Every structure is written in C-alpha cells, then in structure tokens.
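If you're matching them up, the sequences are chains P and S in order.
1 is the number of the first residue of the first sequence in this note's numbering; add one for each residue after it.
1 is the number of the first residue of the second sequence in this note's numbering; add one for each residue after it.
Hints are computed from structural coordinates only; laboratory data are not their basis.
All values reported here derive from a predicted model rather than from experimental measurement.
For glycine and all other residues, C-beta sits at the position ideal for the given N, C-alpha and C.
Misleading hints may appear alongside valid ones.
As the list claims (entries may be wrong) - With a Cα cut of at most 20 Å, we get these calculated PhoX-like pairs of lysine-lysine:
1. S:LYS184 / P:LYS30
2. S:LYS118 / P:LYS30
3. P:LYS42 / P:LYS30
Said to hold, decoys possible - Among chain S residues calculated to face chain P with C-beta under 10 Å, some are:
4. VAL24
5. GLY28
6. GLU76
7. LEU78
8. SER82
9. GLY90
10. SER114
11. PHE137
12. ILE155
13. VAL156
14. GLN178
15. LEU186
16. PHE189
17. MET289
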Amino acid sequence: MTDQVIYDRGYRSYDGPRLGPKGARRAVYKDGVRRVLGLGRKARQKIFPWSLIVIALVAAAVFVGAGFAVGAFPPEIVPALRGRKPL
Amino acid sequence: MSLGQSRPAILEVSDLTHDYGEVVALSGLTLEVPPGVTGLVGANGAGKTTMLRLMLGLLHPTSGSMQVLGHDPQSEPLVVRSRIGYMPEGECLPKDQTAADFVSYAAQLAGIPSHEAKRRSSETLFLVGLEEERFRFLGDFSTGMQQRVKLAQAIVHDPDLLLLDEPASGLDPEGRTQMLDLIKRLSDFDVNVIVSSHVLTDIEQTCDWVVMLDAGNLLRSGPLQGFEKLGTVLIEVLEHPDAVASAIRGQGFDVVVDGLRLVVGPGDESIEPMVVAAAAHTGSGLVRMIRGSASLEDLFLNQETV
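For reference, chain S alone in the conformation it holds in the complex (with noise of 0.2 Å):
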C-alpha cells in the first residue's frame, strides 16, 4: 500500500493495540508513515516508545498489525532489525570502551566484516562530529558526546529506516540544535527517519510529516506543511470591523473582534481571498493582513480539547 506517492510507505499499522496488563499504551492505532524524516509527537506516556519498540518486534501487540518497510517486525523481526537503526533513549554504553571500538562493534552486530566495520566506524564518528575524540574511553564523554555516539551506532550499518528515541533529550539548547541539524543532514542522505519527541519544536525544525499520539490514541497523522496552513489571520479594517466578522462567521470561520483588529481562523489558505470578499462586501477598506503560522504546540493543545 502507498500514500498516493509513487514510494512505498515505511510503515503500515492497521488498528493496533498494545497494552501491560491493565495499562493500555496504545489503542487501536491505523496510520501510513510515508518516506521522509517523521515526527512522534506526544507526552510522555503517550505511546511513542511502546510504537518503537512494536516497530523492532521487541514487544508483541495484543492485536492488530504492523509492516516496518514492507515486513511485520512479529513475524521476522531478525530481517526487520537488520534494516533499522535504533538510537534509544537511555543511558546504554559502555564506560570503559572507546568510541571507535563501540562503533566498530554495533557494525559487526550488524553483520559487516571486521576490517569494513572498522572503516565505516571512523567515517560515521567523523559524520557526528566525533574524529578527534573517537579514542577516548565513553565514560568520559558529556551528555551530548554520547547522543553523539549513540547516533553514530545507530547509522553505522547503513540503515533503510532509523528509529530515534528523543534524541535531544538531555542536551543543552547548543547540543540540541547541533543534533538537530545532524538528523537533517541525515535525511539529506535519503535516510528515512522516524524521531520520537515530547519537544513539538524540535519536530518543527526536522520533519516533513508528523504523527501525533496521546495517551495511545493517534491525534493526527499527516505533512507538517499541513499542520502551518492551519494558522489564524490577523486583519485590519478601516471601519465596520462587526460587520466585516459578521460576513466571516457567515463563511463557518470563527473571529475574534479587538478594536479594528481581527483575528480570524484557524484555517488553511482559502482565508485569504474570503476575508479579500467580506471586507468588499462590507465596504471596508483592508489595511492588512497577516498570517500567522500555528506551531505545533497550539495544534496540539487544539486537538487535546477537541
């Protein structure tokens, strides 16, 4: 199956349950992630890392399915896993090993041949930032070196699909955006990318599509270009500004009136040319208009409440 786009999706999931005893942490989840740099959005206990884990057939839904690049991670979690790299989110390297070495092993976990792994460990600790510090013992990294590694680990096999729990978390606001900036690079490099995250604006910054899950129900599934259409317009009229948001609510949108100022919205672009129509139709002469672009953020509580 496929999005309407001439690529596959990455990930298929047909009304998916998972849940630890009494505890569900996700409830009959459908939704198509296409190809691209991908979005998790949610709180923290909404379901993303349960989602990744599902997607590594490490856990076991209590019903529904899953495909990750065409297979179900259930039924051949070995041929799934040699094409996904997962950075997780916790502390998980050794202390006393150097970053070359822990690299170079991830490679041969992943079945490339020692020498090979070796060549591909350098290059990838190179990618992250890491070639002057990649014989230095992990302990003595900083919190960011080591998101730094743990990235390197994950893409160091080459990867089709890479799987990134909150891979800022813990990072100061230099890091995070460093980081950022690597999982764009990354997908420069036709990398597909799926970043789990509880910060909206780090999605923001990175994906091109966005799931949104809370409490293991899916919000929303689609493009983040989708999501900034969504914004309200601000609008100003010379005179008649009751009028003009009267002629606005009669076109199903709503308005907040404050002086000549109008705020109208959320919606997409068919605001423009209508509000153009109801400020001619009430003869009011249009000052300005400006769209402000929704953040995620505002989506998000927006679709809490809904």
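Chain P on its own, in the form it takes in the complex (with noise of 0.2 Å):
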C-alpha cells in the first residue's frame, strides 16, 4: 500500500507574466524552427530535413577536404600549411 494521493487541481487560473505580441512572435518561430527540423514530430518527418543537413556537410567536407589536398587555400589562411608545397 502506498500513501500517495492524486490531487484533482480543476482549472486555475493564471496570474503570471504574459509575453504578448512578441512572445507569440518568438513562439511562432521556434516552433517554425522545430517543425521544420521534425523535431518532436513522427520519425518519418525526421528524415527529409536531416538528410538534407547530412548532404550539405559531406558537401562541405569533400569540398573542404579537396582543398587541403590540392592546397588551394593559402598559408595566411590555414597556418598549418604554411611550409607545406602543394601536391
């Protein structure tokens, strides 16, 4: 037996601070920004938006990671390829 007790608190009413336009105005954009990131949303909505992330950084990557090799950025740029001679 356990003394826990469930409290029906009904409705109450609300005396807190109200944010008006401009906290519906950050609520509409964050929950644009989860929405559109499928975050708390079904696992199939996830997809689209993540696969397009993961696509634009292994974009980045190889294209970064091309640079290196190829030594087209300058040494003013990336210190650590100062002294380093092109492939």
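Take the two lone chains, each set in its own frame, and fit them into one complex as the hints suggest.
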C-alpha cells in the first residue's frame, strides 16, 4: 500500500506574466524551426530535413578536404599548411 | 451597460448587420449577454459562426457596433483576442504534433512563457481527460479526443471568455455527454462561455442564457429559466370541461380540450392559480394539474411561426 494521493487541481487561473505579441512571435519562430527540423514530430518527418543537413555537411566536408589536398588554401588562411608544398 | 445585475455584460451588440455581398448573415441585431454560460442557437446558416468571428475581430460588420468584455473587437482586436479562448468547429489540429506540444504552443501564442506553458498544457490536458494520451500524436486521436484537445487549447491561457463553435459536433452520445459535462464544469470555475450549437438539447443541458438566431435575425435573447416557464399545463377535471375551457379562454390563454383533459398554454406560472380559480368558478372538480416544461425545440418552432 502506498501513501500516494491523486489531487484534482481542477482549472487554475493564471496570474503570471504575459509576453504579448513579442512572446507570440517568438513562439511562432521557435515552433517553425522545430517543425522544419522535425523535432517533436514522427520519425518519418525527420528524414527529409536531416538528410538535407547531412548532404550539405558531407558536400562541405568533401570540398574542404579536396581544398586541403590540392593546397587551394593559402597559408595566410590555414597556418598549419605553412611551408608545405602543394601536391 | 449592464443587464440590471452587479456584473457587466460580456457581450453588447447594437444594431449589428453583416453581409457577404448579397447574402445577409446578420441583420440589425441588438442584444446583451450576461456573464455565465450562454447558448447561441440557430439552424445551420443562421449566423452563429459569423457572430463568433465578428466577436474575434476576424470579420468586420457592415454596420452597427459590438463590445466584447468592454472592448470593441474592430478597434482593439489584440486586446479582445488576448482575453478570449476560441474552439473552432472544423478540423484544425496538426496531425504530426503531440497533444502536449500543441497545447503548450497555443499557450505560448497567448504570451505565456515557455516553462509555464508546458506546465499549464499538462494541467489542462488532465482537466479534459487526456492525461494518458498527451504525448501521442494528434493524427492518431479519435474525433472525441480531438474535440477535447481543441477545448484544451482554448482554455490553456486562462481566458475571460470562451467561444465554443459546435463543441459536440461529430461526437457519439457518450462523447457528447462528456463534452457537455466538461463545459458545465468550466462554468463552475467562473469561466464565461458562449456555446454555439444547433442541437437544442445541448443548450438546455448546459446554458443559463439563450440567444436564438434565425436566418440572421434575433428571435429571442433571455434566461433559460424564462424559456422553461413557458410550457403548457395539463389539467383533468371531473365535469364541465367546456365550461372550464371557456373560463380559461376568457383569461386570454389557449386551451385544447380532449375529453375531460385540457391542455392550457403555453404560458408562465400564472396559469396554475388561474386554472384553480376557473375550476372553482364553474364548479368542476380538479383531478390533477401537471406542468410540462417546453423544450427549446418547441419554443424555437413556436418562435419561427410567429
């Protein structure tokens, strides 16, 4: 036997702060970002946005990697390559 | 302005007309609605939803004026909307969002800070009986559950006035009863409610003030008790039914004679003492006298034929 009690708190009024139109705009922005990324949505809805993100990141990584490989970045931008000859 | 009560009217409408081109949705409406639960009754196309949209400031009246909670929804739409909760009739829920997320989002749209919105979302979903299902997606909800979510998003920000457009629409009898119980429960928490419905029995069960619309015209606006008192009275006499009937007709009431039984009215509570006096005057023994409360349906039909 437990001592837990379920309280029916009914409907409570709200006397706290209200952020007005500014708060509403922030809510729309936040929810918009969450929905675009599929956060809080079904797994199926996450596939497309995260696939796009992965594709963009992979493409960026490939380009940067290729740039390193062919020495396309001047030493002023990438100090680690200073003194190394291009391939 | 008030209705002769200590609390001011939640809705004041003065000579309000709204048309959609050639179609007149509301015509010269003048009425006041006191605090409490009010039923907006009328057949489909009577102007109920137009009235609610005008109250929200989503439509602009062709002529006339309206005050909701003391503010004009045309000139101060944000002030009015911040104090109103609206439950639309149609399907409006995102299928791929959980009930908790959606109700919390509705609270944040009303300006409640994020952490408080989440807490109130859980509490409100608990109130409408969806505490177990709050993390399920809305697309998986039954019609009854979706109606409850729509009610929850309307009350989550603690509005002063709740507008419910056909809240029991599409529900089975059990769901309908539960929804009406919920609305009655809200009135216990001092939330003013305006319920639009074409199902008159729903209004009878929940409301204490009724506004009847018919094709954009106001048929009647008054307390529900007033409607109930306008029923008929069935009486049975021992003898001389025709003499009793003519004595009652002499007092200005309608009488239908069926053998020794007479149906008197409709009319208010003044019928009973008048019948006793008529029976005594004609020397007829009065066997029984029963008041049958008129349903809103009867009254609505009666008003339509006037």
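Would you list, in rising numerical order, the hints stated earlier that this structure does not obey?
1, 4, 5, 6, 9, 14 and 17
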